[in-house]
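Join these two chains into a complex; the hints should help.
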Amino acid sequence: MSLGAIVVGLYWGLVIAPPDAYQGEVQRIMYLHLPSILTAYLSYFLVFIGSCMYLWKREKRDDILAHSAAEIGVLFTALTIIEGSIWGRPTWGVWWTWDARLTLTAILLLIYTGYLMLRSLIEDENRAASAAAVLGIIGFLDIPLIHMSVYWWRTLHQPPSILQPNKAPWENIAWPLLIPLLINIVAFLLLLFYLLSLRYRLGEIRDEIRMRRLEQSA
Amino acid sequence: MEHWSFVALAYGIVWSVIVVYFFFLKRRYRKAQMELSALTSAQTLEEHEQT
Chain A
1 MSLGAIVVGL
11 YWGLVIAPPD
21 AYQGEVQRIM
31 YLHLPSILTA
41 YLSYFLVFIG
51 SCMYLWKREK
61 RDDILAHSAA
71 EIGVLFTALT
81 IIEGSIWGRP
91 TWGVWWTWDA
101 RLTLTAILLL
111 IYTGYLMLRS
121 LIEDENRAAS
131 AAAVLGIIGF
141 LDIPLIHMSV
151 YWWRTLHQPP
161 SILQPNKAPW
171 ENIAWPLLIP
181 LLINIVAFLL
191 LLFYLLSLRY
201 RLGEIRDEIR
211 MRRLEQSA
Chain B
1 MEHWSFVALA
11 YGIVWSVIVV
21 YFFFLKRRYR
31 KAQMELSALT
41 SAQTLEEHEQ
51 T
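These protein sequence lines are chains A and B, in that order.
Residue 218 in the working numbering sits at position 218 of the first sequence; the count goes up by one each step and never skips.
Residue 14 in the working numbering sits at position 14 of the second sequence; the count goes up by one each step and never skips.
It is possible that part of the hints are untrue.
Said to hold, decoys possible - Here are a few chain B residues that sit away from chain A, every Cβ distance over 10 Å (derived from the structure):
#, residue
1, Leu-45
2, His-48
3, Gln-50
As the list claims (entries may be wrong) - With beta-carbon atoms standing in for the labels, derived distance ranges:
#, chain 1, residue 1, chain 2, residue 2, range
4, B, Leu-9, A, Tyr-11, 17 to 23 Å
5, B, Val-20, A, Glu-204, 20 to 26 Å
6, A, Met-117, B, Thr-40, 27 to 33 Å
For the record, the hints were derived by calculation from the structure and aren't laboratory data.
The C-beta atom is built at its ideal place from N, Cα and C for all residues, glycine as well.
The following block holds chain B by itself, in its conformation from the complex (with noise of 0.2 Å):
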């Protein structure tokens, strides 16, 4: 059982910080998909309020 807990440290952090990353890439991916519909939408809008 030597150093076992040297291992659990590395590889707990590692795969923590990987999943954090991923989830927080996938939040601002969301973010800013939801920030160019609403972009979007809102030019449709004054496009047609124009013709």
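Here chain A stands alone, though its shape is the one from the complex (with noise of 0.2 Å):
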């Protein structure tokens, strides 16, 4: 299913749907990078009621799917800040500029990367989950700091093209660029918990390798 919807977005993408009126054909980069930094804070927001959960009842399915969502979320965040470099350098005239979205895009994606480096750093697992859990936490704080950026500083990044307040996010948009982009959303959501669910299998299977040896030492 989330092949299909990955071929039919790619297809409306890239064939149908019409050049925009100003940015031209480089707008089609926004098929992927809107989708690409939902699907990152949908895995950030995973990662935090993980580590909410893990914290408060120490269960290790909690710890396990808070690190398979960070791993996927730094994924998707690499991706977005890509793809919004390959966009700006037509654009704005520019690959990176220290602007105040995508700086705390960045520190998002060294947040998260430092996640995944502090659970591989610390030897007993019990406190690589419980550090890396408070780490995961205090990381969520960053997104909505990302979404109000561009409210709160004169940033270059332009605000919210489709979740306006007060307007429908069809009249933002105009239909035939609104489709591609709603069918690219849904095939990087069906994609991330295709990817979810293959990441969260290999950390159960870790965790019985992991308590089989513990059994056979002891």
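Okay, here's the thing in structure tokens:
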């Protein structure tokens, strides 16, 4: 289902959708950029939920969920920055600028890369999970900052094009551009759940191996 | 045809990275599964020998 949605999204975004009146063909990168960052945000929300639940109940499955979602979140945040950079070169004239939203997104990537590194640096599994859970919760606070940055500071990054207060999405963007965007958002979210289920099962197997090793050594 | 090269670069990088990650994840999953089944069979053998 995910693969089907991806193929339809690619075809619609690259072939059917018309070029933007101002940006031309380069606007097609937005069919990747917005779905990527939404996928990353949802992943970090799952890290936040998993981390809170782990600190509260100390159940391994919550830690596995947080760890799995963090890995996928890092992947999609890195992709968002790359896509934005490629879009920025012909549109803004630069690959990168220290704009508030871009900088906060780079910080988000650094926080969750640190989250993954922290887990591999601490040998004690339970201590690593607790420390990572605290970082996972703190890191999530960067997301509202990223969202509000375009309102709070004077940024080169434009304010939200679709989700604007007091306006429906179809009032801000023409249907021929909105449809491929929505299809790609659905495709990326399906891809997230597929990758997450695979990564979660991997986490479960690794935990089972760890438990069996402990049993053996006891 | 303006800026198609940027579009191709973005789509090429994104989908290549996702495909590489997918196969990397599959490989790690298969490896872990093999490790678990080897561990399980070793434990079963050990228990069998003890009885």
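Evaluated hints:
1. Leu-45: holds (12 Å)
2. His-48: holds (15 Å)
3. Gln-50: holds (13 Å)
4. Leu-9(B) - Tyr-11(A): 17 to 23 Å: Hint holds: Cβ distance 19 Å, inside 17 to 23 Å.
5. Val-20(B) - Glu-204(A): 20 to 26 Å: Hint holds: Cβ distance 23 Å, inside 20 to 26 Å.
6. Met-117(A) - Thr-40(B): 27 to 33 Å: Given a distance of about 31 Å, which is inside 27 to 33 Å, the answer is holds.
Of the numbered hints stated above, none is contradicted by the structure.
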